[in-house]
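> Next come the chains, spelled out residue by residue.
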Amino acid sequence: MSEVSMESASFRDRNARVFYSGGKVYRGLSSQALSEWEALSGTSFFTRFSGEGSLVQTERVNAEELCSNPALASEWSALLRHETVQFISYPYEWAFGMLKDAALLQLDLLSAALDEGMILKDSSAFNVQWRGAHPVFIDIASFEKLRPGEPWIGYRQFCQMFLFPLMLQSYKDVSFHALLRGCIDGIEPETFNKLLGARDLLRPGVLLHVFLQAKVQTGYAETKKDVKKDLKAAGFSAELIKANVKGLKKLVSRLTWQRSRSEWSNYAKEHSYTDVDFETKKRFVGAAVDSRHSRLTWDLGCNTGTFSRIAAKNSDCVVAMDADQLAIEFLYQELKKEGNGTIIPLVGNIADPSPNLGWRGMERKALSERGKPDLTLCLALIHHVVITANIPLREFIHWLSVVTNSLVIEFVTKDDPMVKKLLRNKVDNYADYELPFFEESMSEFFNIDKREELVSGSRILFFATSKIQ
Amino acid sequence: MTKPLLILVCIFSCLIFSSPAFAYLDAGTGSMLIQLILGGIAGLAVFLKLSWKWILAKLGINKANK
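Listed in order, the protein sequences are those of chains S and P. Under the numbering used here, the first residue of the first sequence carries the number 301, and numbering increases by one thereafter. Under the numbering used here, the first residue of the second sequence carries the number 3, and numbering increases by one thereafter.
One should not assume that every hint holds.
Quick list of in silico lysine-lysine cross-link-like pairs, BS3-like style, CA-CA up to 27 Å [as the list claims (entries may be wrong)]: (1) S:Lys672 - S:Lys636; (2) P:Lys55 - S:Lys528; (3) S:Lys529 - P:Lys51.
For the record, the hints were derived by calculation from the structure and aren't laboratory data.
Given the sequences, and given the hints that come with them, work out the whole structure.
So, in structure tokens, the structure goes:
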């Protein structure tokens, strides 16, 4: 086995840890975790969910592979090898529908596990990743044998990381993204209860899951009682967990986000291109995509995903990002219907991309540290970055040259109606936002392979390769 | 009929037992207890049994010692 690097987010579970070697993903198991794995791999739900692609593909690797690395051999009793997730994303980057589907997958797995005498010991939303628009549960070590009389320990975490964020967006039309990015463990019942008003008590699930949980939690915060032991003695059984999970499934299924009109969501219909320009742009992007295979492609400001789909024809994985979560929600629902396994739609503002978070600032990684894209599409975005977000043009081009190997970028001049709209009520302090300076900056950091001006004259496309390789 | 009753029982018990606590919060005692209410009818029996045990303990009557 070649050199080993530990996964910086995999440290909470003392019985199992993820690491990488030779480009593959492994999980070391303690003797206890091995016993849980043996129980899990013998269940019918494991076979069923793995077959559907909802559980990460996993196989036990034989002892010889483990013994070739003596340090690992002494630390772990067994070794699993997992399918590689092409791009790691986080709940604070998902659309409402994605968090909802991830929650339902978690509940489906828990329900199936309970039927076969097992349980999920935690409910972290980070345990779900995406194969295109398909959720995949990746933390195999979360499954353990059900201990009779014990409550569902992951219930509180399920509320904090799934139920409350979904309720917040569904009931209050407040986006959950900032809160989940700010609180790595999710929204606590006590906090969420304070965010809701008396009228919200009438909404489904609020009285029990939010109000009462917060009150009982506060009331028993200093109890000296061994609640777990007392519950067992009083006859707590798996039937109670099953009833709770059934109720949660019903509750989560009914949560919807009342969509409001956003600036961006009608952009595809309202954009200022002529049909000729749009076709030219598709052809230009298509040619760039065809010119070389891409393992990972970013489509920044993807809107409805037209160009993500073109990129997907020659990419293993396309990460389609937009700051407008409504656009991402629509894109996700479409991709889900199609069963798309290549394009991962994510909510993200490139002027404020996801940072490093958590323990040592390494538990959840910044966007730019989750794999360098071979190709990045940056179409009709630069005016938002420079004029709306006030990021200096040269700095943006430099950043792009660092994060990507090649780039398709569209420059939108000040004569374009969309740029005029942005500048309408602003003082034009953007001397750097001119085509000659843009081309100068591009030439500084990129080798320009191709340049094409659209018929309208206010948009110019560039295909370029970064000088920083 | 049973669900509103369960809710009332729980709110009532919550008011009786709870007192504001701003100290160190434990890992989720409340979240474990609330599962009795969320467990439906089966949970009610366990809830009553547990409440009875705790009431006896509060009154200094410990069945186990008798």
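> Against this structure, judge whether each hint is valid.
For each hint, the structure was consulted:
no., hint, verdict
1, S:Lys672 - S:Lys636, "holds, 26 Å"
2, P:Lys55 - S:Lys528, "holds, 14 Å"
3, S:Lys529 - P:Lys51, "holds, 13 Å"
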